[in-house]
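Chemist: Residue numbers (our numbering), protein chains in the order written: chain S, 1 to 100; chain U, 1 to 591.
Since the hints were derived computationally from the structure, they do not count as laboratory data. Be aware that one or more of the hints could be misleading.
30 Å max Cα-Cα, derived DSSO-like pairs, lysine-lysine [to be verified]:
(1) 225/U x 324/U
(2) 114/U x 574/U
(3) 445/U x 114/U
(4) 225/U x 95/S
(5) 337/U x 95/S
(6) 337/U x 225/U
Please read these numbers as outputs of a predicted model, since none were measured by experiment.
Read off the chains here:
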Amino acid sequence: MADTPDNQSHDSAQGEETTANESAYWHDNLRLLGILMSIWFAVSFGAGIVFRDWLDQFMLGGYPLGFWFAQQGSIYVFIVLIVIYVRRMRALERKYDLDD
Amino acid sequence: MSTQTLIYLFVGASFALYIGIAIWSRAGSTAEFYVAGGGVNPVVNGMATAADWMSAASFISMAGLIAFLGYDGSVYLMGWTGGYVMLALLLAPYLRKFGQFTVPDFIGTRYYSKAARVVAVICLIFISFTYIAGQMRGVGIVFSRFLDVPITLGVVIGMGIVFVYAVLGGMKGITYTQVAQYCVLIFAYMVPAFFISFLITGNPVPQLGLGSTVDDGSGMFVLQKLDLVLTDLGFGPYTQGSRSMVDVFCITAALMVGTAGLPHVIVRFFTVPKASDARKSAGWALVFIALLYTTAPAVGAFARLNFIDSVNEQSYSEAPAWFKNWEANDLIAWRDKNDDGVMQYRPGDAFEGAPVFAQSGTGASGERLLENAATHSENEVYVDRDIMVLANPEIAALPGWVIALVAAGGLAAALSTAAGLLLVISSSVSHDLLKQTFRPKITEKGELLAARLAATAAIVVAGYLGIYPPGWVAQVVAFAFGLAAASLFPAIFMGIFSKRMNREGAIAGMVSGLVFTFAYIAYFKLANPAANVAENWLFGISPEGIGVIGMLINFGIAIGVASITKGPPLEIRKLVDSIRVPRGAGEASNH
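Just need the whole structure built from these sequences, with the hints factored in.
Modeler: Structure (structure tokens):
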């Protein structure tokens, strides 16, 4: 890394190839990402946009449900998704002993 | 105390606070200047990110836009928050593990290419300047309306404040100032929202108030009443949009991906100590942002109701004081087309274009005369959407200190974002262009000086754009998000998630995404604005949403080119392996 001499972290301590442990960690991470990003897509683009008209027949208090997802609900779900990711990743990193 | 005195007091006190913090947290090294030494607590960084992110547009304009767009305004709410999920899950922890100073740093190193770095710097500078001009304009509007100083002087004062804390303090100064600014702006946003929600619905929590019944004995829900009032006047219902579904979909996606690709947001995650802190910090940032973003639709809906209530079918001579105040600032206008002395608020433009007031003379009711050609619509009222949040406390007749608070909050929002943008501009010049590309032998002291000089120059340019806003500024905000989505995001994303992506693919992808998006927006916004209608758009996608197509082009071209060219060298594949695991991020300094 000639142009970044000040960055130590690039010299992977594990040698040339990824260890089985790191691959398993990465695989689990990708699966978790897949699940959470699907929910992310479903609440915003799904409930808030594509299926909004259908959902609007239901009411949540004074909110038509699709409108609620578009202007309130999706944002709350976004926060929950990040909280789940932070927690699940912490558990994964402990499991594979890769935590920082 | 008069409202005017209170405004001076609140704004003055908040400015003194920002400067005090800046002096206390001066930067001494380039690491402190660029990334605050990498030792910022994740909650503190989340708060600073929220202030950095929430600009004059979020604070001043967004609720007003939603008020007039109704459901279509959802694109901003989902788009500008959903991007944080992408940041937290897909980008921030890996970029923190990579552990450098800037976004072009990552792109230049990961794609082992100075050309890639320079392309990234060009994207970054263009995106940031587009954005910053709007901030300085916001500062000017707040000053001229609330402090009775000319816009020019207002912008110069704003420049001076940002100069002190961005140039002296660098990222370290900006971070702690932004924490103070977040507190000021969120307080200033929530207090009037509580008041207005309580006045209209009897429920002080705006998020609940918007779903409650109107407190006028009718038993109608707020949104129901708004739909009814608007359709009575001939507008479309509030809870239904007028944009096509495909356009709403694409604009939301472009804003989300663009948010995740905005350099001044990404760089904030370089400042926390560990990769896991970057995830946590993005979560906190979204919590702090969501507070304002879930309040804004309520503020917008209440403002629309209040506005119609206090303006429509009122005689001008009895119009409330705020109406005449904003008219005096050119942001509201009334043209009495049917000469009845009563203001009719209906769909359509009251006259052609933005108001051009006559130099002298007033109409029969005392209104300012206009030189614009009248339209055939029955509408007589022109209102600039940007004023809804600023005028809201006055429209709802709230006490003077609330109005003063809103003035200080608007300035906090504009200044915090301006400072964050200035920082990424200056570090990309001093670090990426000088240190990493053209002057590798520059000393640490020289680089720090260059960073400060670049920040100073950027402030001057930004101030100039604020005082003499070129007509195109408002037209090209779509650029910032579209270009970030079409250029930077795919390059960073593939840099982390694909080991096969190489220099040739990344550069080809960035350039084609950039050129396509730029050309599309420039054609409809600048070259041929008359053609900017849905029939002419590609797949019915407006220039605001075209960044998504640019992003797909970027991905497609990059993957295609990478598959027929040589893969990245071993050391780069090892670098990707190393950023994928959190252990071993560079040690941080505490402060």
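Chemist: Would you mind marking each hint as holding or not holding in the structure?
Modeler: For each hint, the structure was consulted:
no.	hint	in the structure
1	225/U x 324/U	27 Å, holds
2	114/U x 574/U	20 Å, holds
3	445/U x 114/U	23 Å, holds
4	225/U x 95/S	54 Å, violated
5	337/U x 95/S	73 Å, violated
6	337/U x 225/U	28 Å, holds
Comparing the model with each numbered hint stated earlier shows that hints 4 and 5 do not hold.
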